[in-house]
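Student: Okay, here's what each chain looks like letter by letter:
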Amino acid sequence: MEDIMFSLNSVWLMLGAILVIFMQGGFILLEAGSTRMKNAGHIAGKTIFTFGIASILFWAVGYGFIFGDNGNFFIGLSDFFYSGYEIEGMSYSTAAYFIFQLAFAGISLTIAFGGFAERAKLSVYVVFAILFSAFVYPVVAHWIWGGGWLAEHGKQDFAGSTVVHLTGAMAAFAATILLKPRMGKFNKNGTVNNLYGHNQVFTALGVLVLWIGWFGFNGGSTFVVDDGFFGFVAVNTNLAAGAGAVSALIISWIVLGKSDIPTMLNGALAGLVAITASCAFVETWAAVVIGLVAGVLVFYSVKFFEKLKVDDPIFALSVHGAAGVWGTLSTGLFATPELATVGLPGLFYGGGFTQLGVQAMGVAVSGAYAFAVSFVILYTMKKVMKGLRVTEEEEIIGLDLSEHGSYGYPEAFVTKEKQKISS
Amino acid sequence: MSNLHESYLSLKNWCDNNIGNHQSSTGELNHFHDIVMRYLFEVALNKVKEESGPPPCQFSWFVMGSAGRFEQAVVSDQDHGLIYEATNKEASNYFRELGKEITSGLHFIGYPYCDGNVMSSNPLWCKSKQEWAVQLSQWMEDESFDSIRFLLIFYDARVLVGEEKCVSRLKQQLHEYIEKKPYFLNRLLVNTMHFKKAVGVFRQFLPETHGSHTGCIDLKHLGFFPFVNAIRLLSIKEHVEETSTLSRLGCLSGLPEYKKGLELYEGDFEKLLSHRLQHHQKVAEYYDDVHFLDVKKLGKTEKKEIKQILMNGKKLQEYTESIIKRTLKNEI
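Sequence order for the protein chains is A and B. Residue numbers for the first sequence follow the working numbering, beginning at 47 and rising by one. Residue numbers for the second sequence follow the working numbering, beginning at 66 and rising by one.
It should be emphasised that the hints constitute simulated quantities derived from the structure, not laboratory data. Since we're looking at a predicted model, the values are computed, not measured. Worth double-checking, as some hints may not be accurate.
[Said to hold, decoys possible] Below are the BS3-like pairs computed for lysine-lysine, each with C-alpha atoms no more than 27 Å apart in a straight line:
| no. | chain 1 | residue 1 | chain 2 | residue 2 |
| --- | --- | --- | --- | --- |
| 1 | B | Lys-230 | A | Lys-231 |
| 2 | A | Lys-304 | A | Lys-349 |
| 3 | B | Lys-236 | A | Lys-349 |
| 4 | A | Lys-349 | B | Lys-246 |
| 5 | B | Lys-362 | A | Lys-231 |
| 6 | B | Lys-154 | A | Lys-234 |
| 7 | A | Lys-304 | B | Lys-154 |
| 8 | A | Lys-304 | B | Lys-372 |
| 9 | B | Lys-380 | A | Lys-304 |
| 10 | B | Lys-372 | A | Lys-353 |
| 11 | B | Lys-262 | A | Lys-231 |
| 12 | B | Lys-236 | A | Lys-304 |
| 13 | B | Lys-154 | B | Lys-262 |
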């Protein structure tokens with residue numbers, strides 16, 4: 047029986063890993079659709095090779111920093127260059143667990159790169175992918191999931207609203223500040239222009255792929271299949287996504303007078319990000335509430351960052367940052383005594399402010415760490431690499447051509463290009 | 066004033082120096098625009114005469130758009146066309162040349178080009194009487210969005226130079242077509258009734274959220290157009306040949322069917338015109354700016370008034386829609 051459960055659990059973890067890795071496909075569609083044609087090939091391509099970098103780094107040091115022994119409150123210090131060994135007594139394959147965790151590290155990095163879109167140099171992606179995968183993500187992941195100091199406080203973050211999403215978003219925030227807005231985003235009189243993405247169908251498909259992938263992200267985070275708890279987690283996940291889409295659509299209709307598609311798509315994602323922390327700890331009605339709040343929050347968060355003159359092309363700061371914070375705090379409100387297997391029940395279930403406090407502290411410290419370290423890394427890179435950004439000419443012509451030498455949509459640009467060459 | 070005829074430059078200077086004295090009302094301002102445009106026409110015609118001789122036949126020059134409706138702001142773009150008697154190569158070459166001269170002349174003295182190219186320099190808007198009649202039938206039969214839009218634009222035509230009867234005859238052609246095919250009214254209705262919302266569910270303004278006019282209400286599209294389009298449509302239905310929205314309203318209100326339903330809107334439209342005049346005298350340097358009203362800069366009562374007008378515009382649209390639908394129902 048144990049063997050069967052071991053196999054089933056391992057298959058479940060592997061399926062989760064596949065779904066989470068497939069979320070990279072969702073990000074490719076989401077990001078490429080939300081940006082302009084001239085950068086589409088670049089955005090799609092960089093997602094693949096930066097996941098490659100993240101994979102190697104996770105194998106070399108990331109896994110060890112997060113889950114290694116001989117560690118301390120800050121970081122683990124063994125199990126580098128994972129050899130594929132199995133840990134005795136585990137109820138699932140260690141290798142499957144490794145690949146599942148690797149997939150998460152990859153997602154966090156991709157979220158971070160949302161803040162770089164349409165203006166960062168290719169070399170910046172390469173270097174930052176290495177440094178983020180070594181020094182940013184593993185540290186926060188160790189604190190909360192690897193037995194670090196926040197784990198000791200009973201911080202609830204079931205599948206990574208903080209660990210994966212907020213960490214990625216904070217790195218994106220540091221990048222948007224240092225990179226400065228894209229050309230044409232803000233006018234001299236302080237008003238904001240919409241630099242429309244080139245394909246809403248891609249963006250919507252991206253959201254759907256992510257939505258499905260999230261069943262691996264959250265459902266897979268049960269690690270085991272006994273008692274079928276993953277089904278409950280999936281129900282909560284789906285409800286929050288739906289609620290987020292609905293509330294974002296309604297708020298955009300109320301405030302703007304029209305139902306804005308990008309806002310609605312952001313709402314679905316915000317619902318997913320928010321429920322990521324709490325999906326295993328709250329009842330279904332609370333999942334709906336968490337999703338509804340996330341959908342409204344993401345709408346105002348986008349406006350807020352625009353006011354701050356922060357150019358966030360893929361809305362990473364709002365979708366993964368603001369919703370990540372809300373999701374993490376939400377378990378401090380809604381976690382039930384029966385479901386709170388980690389930490390305490392939430393404020394609305396007689397747990398008082400204790401758990402909410404732990405959640406808030408976790409968000410603040412993890413967010414601050416991810417932001418500060420990413421900022422220092424990027425600032426240093428800016429100095430050493432003589433700037434993070436492509437030249438104005440390169441930005442105008444598009445990163446497909448400037449960074450890779452060929453367009454993602456050659457037919458759309460070939461005439462202009464020919465003209466340029468002949469002139 | 067005699068120097069005026071001599072060159073565009075002196076006309077431009079005269080226009081720039083005097084337009085400020087003619088802004089007490091939209092009516093006065095439009096009389097001034099009419100004078101300027103007629104002079105401009107004379108200068109242009111003289112120029113063409115010098116090179117190509119006198120016009121080969123009778124013709125009329127008409128303005129459309131806000132000029133046609135006698136509702137131009139301080140800065141307004143061009144909308145105009147030519148119609149001439151003879152259908153032959155000589156006439157078409159002559160008036161094409163005249164059309165180009167008028168268009169570039171108007172641009173020179175400060176009337177921006179029309180984005181939609183509704184100008185006498187465009188062969189589409191410069192035709193013989195016979196060609197115009199054919200074109201109008203084609204527009205009525207053609208199932209495209211643009212052809213309906215062109216018809217509606219043409220219905221605001223007002224003759225500035227020449228005889229009125231040619232244009233009037235063409236408008237009758239549209240009336241006759243509708244008599245035969247009343248359902249055509251529905252196509253005109255569908256073409257004009259789509260507008261972005263101006264006021265939200267909580268009665269809040271819905272200003273621009275992006276771009277250089279963030280925080281402003283697009284008065285042209287959200288304020289004027291609902292009134293202009295609805296009243297134009299009812300005028301087409303009732304064969305009202307007046308072109309200004311206010312005169313059209315006056316004529317329609319004279320009909321028992323509309324007396325009550327349209328009472329409210331004359332005041333609204335007058336207020337809209339005077340608001341634009343007051344608020345944009347300072348920003349009228351660029352054509353685009355004239356139409357944007359900064360919500361934050363409005364006083365409390367102004368805000369309330371504008372909001373009410375915007376909501377009434379929507380009401381008028383619904384009223385117009387119900388009239389057209391009812392008519393069509395009775396026809397069936």
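Student: Taking the hints in turn, state whether each one holds.
Tutor: So, going through the hints one by one against the coordinates:
1. Only pairs whose Cα atoms come within 27 Å are accepted, and B/Lys-230 paired with A/Lys-231 is rejected, the gap being roughly 52 Å.
2. Taking the CA atoms of A/Lys-304 and A/Lys-349, the gap is about 16 Å. The hint holds against a cut of 27 Å.
3. Under the criterion of a C-alpha separation no larger than 27 Å, the hint pairing B/Lys-236 with A/Lys-349 is inconsistent with the structure, at around 49 Å.
4. With a C-alpha separation of about 50 Å, the suggested pairing of A/Lys-349 with B/Lys-246 is violated against the 27 Å cut-off.
5. At roughly 25 Å between alpha-carbon atoms, B/Lys-362 and A/Lys-231 fall within 27 Å of each other, so this suggested pair holds.
6. As the CA atoms of B/Lys-154 and A/Lys-234 are separated by approximately 52 Å, the hinted pair breaks the 27 Å bound.
7. In summary, the hint linking A/Lys-304 to B/Lys-154 is not supported, as the alpha carbons are separated by about 51 Å, beyond the 27 Å threshold.
8. A threshold of 27 Å between alpha carbons decides the hint, and for A/Lys-304 with B/Lys-372 the separation of about 18 Å falls inside it, so the pair holds.
9. Distance check on the hinted pair: B/Lys-380 and A/Lys-304 sit about 19 Å apart at the alpha-carbon level, within 27 Å; holds.
10. Distance hint between B/Lys-372 and A/Lys-353 is fulfilled; the C-alpha atoms sit about 26 Å from each other, no more than 27 Å.
11. In summary, the hint linking B/Lys-262 to A/Lys-231 is supported, as the alpha carbons are separated by about 25 Å, within the 27 Å threshold.
12. Taken as a hint, the B/Lys-236 and A/Lys-304 pair is broken in the structure, with Cα atoms around 37 Å apart against an allowance of 27 Å.
13. Only pairs whose Cα atoms come within 27 Å are accepted, and B/Lys-154 paired with B/Lys-262 is rejected, the gap being roughly 48 Å.
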